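Asks: Sequence:
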Amino acid sequence: MEERVLNTEHTDGIRLTWNKLPIIPKDTTLPIPISVLYSPLNPSPIIPHEPLFCANSVCRSVFNPFCKIINNQWTCILCNTINNGVIPTSTTVDYILNKVVPEFMYVLVVDMCTFDKERHYLLVEGVRSTLESLPLYSKVGLILFGTNIELFEFSCSVKKVYLFSGKKEYLKEDLQNIICGGSVSKEVGGNLGNLNCFFTSPEKMAMNFIKRDPFPVLDGNRPVRCTGSAISLAVSLLSFCVNDTPAKIILFTQGPPTFGPGCLASLSLSDNIRSNNDILKGKADYYKKGIEYYNKLGHRMVGIGVSLDILAATLYDVGIEEMRGMTDMTGGCVVMAQDFDKEIYISSIKKLYSLHENETEDLHSPKYGFNARLKVLSSKNLVFKGVLGLGASQPSTHKINYLRSTTNLTLLFENGVVQAGEKGFIQLLMQYVRPDGRLILRVTSLLREFDDSHSKDVKESFDQEAAVVLISRMISGVEDDMDLIRRIDRGLIRFVKKFGSFIKGDLESVCLPDNMVYYPNFIYFLRRSLIVQRETSSPDENAYYRNLVMREKVNECMTMIVPTLISFHYQGEIKPVEMDSKSLKDDCILLLDTFHNVVLWRGESIASWIKEGYHLKEDFKYFKEILDEAETKAKSLVNERFPTPQFVVCDRYGSQERILLAKVNPSLKNSVVVTDDIDFETFYKHLCKIVVEI
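Going left to right, the sequence shown walks through residues 18 to 711 as our numbering numbers them.
The set of hints was computed from the structure by calculation and includes no laboratory data.
These figures come from a predicted structure and were not determined experimentally.
Be a bit skeptical, because a hint or two may be false.
For lysine-lysine, the following DSS-like pairs were computed, each having C-alpha atoms within a straight-line distance of at most 27 Å [as the list claims (entries may be wrong)]:
1) 416 / 305
2) 392 / 37
3) 134 / 359
4) 602 / 570
5) 638 / 628
6) 680 / 650
7) 185 / 359
8) 367 / 37
9) 397 / 37
10) 515 / 37
11) 702 / 514
12) 592 / 641
13) 37 / 85
14) 313 / 402
15) 367 / 184
16) 359 / 476
17) 177 / 313
18) 473 / 37
19) 440 / 515
20) 416 / 628
21) 476 / 37
22) 397 / 85
23) 602 / 650
24) 706 / 521
25) 397 / 43
26) 43 / 402
27) 116 / 177
28) 313 / 298
29) 416 / 116
30) 392 / 85
31) 650 / 359
32) 185 / 305
Computed spacing ranges between beta-carbons, pair by pair [to be verified]:
33) 134 / 284: 54 to 62 Å
34) 510 / 684: 16 to 24 Å
35) 153 / 74: 37 to 45 Å
36) 176 / 503: 57 to 65 Å
37) 195 / 412: 30 to 38 Å
38) 20 / 641: 35 to 43 Å
39) 477 / 523: 18 to 26 Å
Even for Gly, the Cβ is constructed at its ideal location relative to N, Cα and C.
Generate the whole structure from the sequences, applying the supplied hints.
Replies: So, in structure tokens, the structure goes:
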């Protein structure tokens, strides 16, 4: 079963929670819905011509391997229409359409209220790294913001700057009035669809434009920062220039919006920035208005095919929580370098935009795509319910303005009127703009059999990893639940009662099928993860973690939920070990990967031997080799991942050891881990007790 799941993921970019579709009675629900976790930019074969569509105008499915073929004619699997012509195909294939997109557009929206001169240089370096990575044929605009907003014109040798107030939202009509009444309309001949004067090529963008805000910050006050107004101006500018042309707004910021629409905090430092408790208790004064404002901007971006990336380096929240709707709706990315961490900030930016440098290297495996539209077709016995998380629903399609090679979408289904043994068919039609400007239609088709939800085959078809990732995404959309953990626990209890076997009153009798046995353990770690726990994180941190779990592939999401732990024994043995405190041994090195952190932990004996210099002696060459191998593996994880994780090397009893101790199952309390958290064994006993007693 596991091999089949991995093969499907490799071939089609698909993971299903149920690989044999469960039938449930009408008006009832499954503890784990039927769901397809879909990676739309998975490597696939290319066919250099238009697809064969079903002639039925209501259907319009695409020819696929599940269609019946007789005498160069194929019968549509959805509507039984007979169609002419047959071409080579596969369960997933890319068709190259005739349309070519001529250019890509970017607007840099840059915060002038930098923390100090050193952090200003960090921001400038981030902008420079971005420009160096953008395609040479792209066009770039520049907006600076602080107390006011500056829009730059590049049409002549003399720099022109248009100054806007930061106290209002800018609509397309506002910008149109300004353009029609000023010199800009004369230079562009009044053609509002061609504002090239505000754009230049990346290599011509001068860094000396980016200055710190000239307005002084009063004692006891925050800087006057009009982030929300500046973003609205960028959206309005692009609304003239694009008609589904690939476009992106890149926000560089170092602090919270304090002025104009979309405020996060007041100007006075005596007023604290909202906390998770403030939000849950309804005491965050700016929160709801901020969410409403940025969601409205997100819908504007969706309508014109623009995505938003947020690149934040800061000590404080910058409003990622409030702006999350914009990034989620448009498919944009978030980089959050806490404490102005230069390595994380600059390396993450380079990884994000270096994708755009050699964009024609491997078109079978595109690294990104613009203006994607997803259409889902399914047989009558399988009802499509929608897409969870990324993108925005539109009539008959789901739109995501930006895709990365790691983007993963969640599609929800439920069974219609169906009998055991019937087959359900799903076809995913994903149209997007490839890095070379070609319009692509990716077609993914899958066929799965239905069976009773209590049948052995259905239970054996369960994908535990896909299921816990689905649950993590479902709860990531919940913002106002005061007791999220109880909601998760109730779902787990319901799952065990439905699919497990037990004798009432007997704790030891609880038993789950082999393909479900790890699910309670996964849920245990989900409860303790940063996706759920809010006590030690700020609202922006929570939004950042949830944004990532909504968009990354299943394996990466599993690393966020259940971190991986690899043991390097000093004598050379390397093996994965349990995420458990009993794995912390004196004579080994542990490599912890939580996705956000990579920790190299050295046991007490290992740390002592290093301190005494054994790794430098010829007789202990093998010891140095294992140290180097562990460090090489850790650095490879850091170098390959986006966003760049924090890399920590720590010893037993060192201060940074807390990262590891907070993640492992505390089965050995007091002696190894001092905590009030319950261990998995206790958690599972409580679960079994509730299941057999209800």
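Asks: All hints are to be evaluated individually against the structure, with a verdict given for each.
Replies: Against the structure, the hints come out as follows:
1. 416 / 305: holds, 25 Å
2. 392 / 37: holds, 23 Å
3. 134 / 359: holds, 14 Å
4. 602 / 570: violated, 32 Å
5. 638 / 628: Satisfied, since the Cα-Cα distance of roughly 16 Å is no more than 27 Å.
6. 680 / 650: holds, 20 Å
7. 185 / 359: violated, 33 Å
8. 367 / 37: violated, 42 Å
9. 397 / 37: holds, 17 Å
10. 515 / 37: Distance of about 17 Å is within 27 Å: holds.
11. 702 / 514: holds, 14 Å
12. 592 / 641: Judged against 27 Å, a Cα distance of about 18 Å means the pair holds.
13. 37 / 85: Cα-Cα ~22 Å, so holds.
14. 313 / 402: Satisfied, since the Cα-Cα distance of roughly 24 Å is no more than 27 Å.
15. 367 / 184: violated, 33 Å
16. 359 / 476: Violated, at about 48 Å.
17. 177 / 313: violated, 30 Å
18. 473 / 37: Holds, because 10 Å separates the two Cα atoms, which is no more than 27 Å.
19. 440 / 515: Roughly 23 Å between the alpha carbons, so the hint for residue 440 and residue 515 holds.
20. 416 / 628: violated, 56 Å
21. 476 / 37: Given pair residue 476, residue 37 holds - Cα atoms ~8 Å apart, limit 27 Å.
22. 397 / 85: holds, 18 Å
23. 602 / 650: holds, 20 Å
24. 706 / 521: holds, 10 Å
25. 397 / 43: holds, 15 Å
26. 43 / 402: Measuring from Cα to Cα gives roughly 15 Å; hence the hint holds.
27. 116 / 177: Answer violated: residue 116 to residue 177 is near 36 Å, above 27 Å.
28. 313 / 298: Distance ~24 Å between residue 313 and residue 298 Cα, so the pair holds.
29. 416 / 116: Given pair residue 416, residue 116 holds - Cα atoms ~18 Å apart, limit 27 Å.
30. 392 / 85: holds, 23 Å
31. 650 / 359: Holds, at roughly 22 Å.
32. 185 / 305: Satisfied, since the Cα-Cα distance of roughly 18 Å is no more than 27 Å.
33. 134 / 284: 54 to 62 Å: violated, 22 Å
34. 510 / 684: 16 to 24 Å: Holds, since residue 510 and residue 684 (Cβ atoms, about 23 Å apart) stay within the stated range.
35. 153 / 74: 37 to 45 Å: holds, 43 Å
36. 176 / 503: 57 to 65 Å: Given range 57 to 65 Å: holds, Cβ gap about 58 Å.
37. 195 / 412: 30 to 38 Å: holds, 33 Å
38. 20 / 641: 35 to 43 Å: About 38 Å separates the Cβ atoms of residue 20 and residue 641, which means 35 to 43 Å holds.
39. 477 / 523: 18 to 26 Å: holds, 25 Å
Checked against the numbered hints given earlier, the structure breaks hints 4, 7, 8, 15, 16, 17, 20, 27 and 33 and satisfies all the rest.
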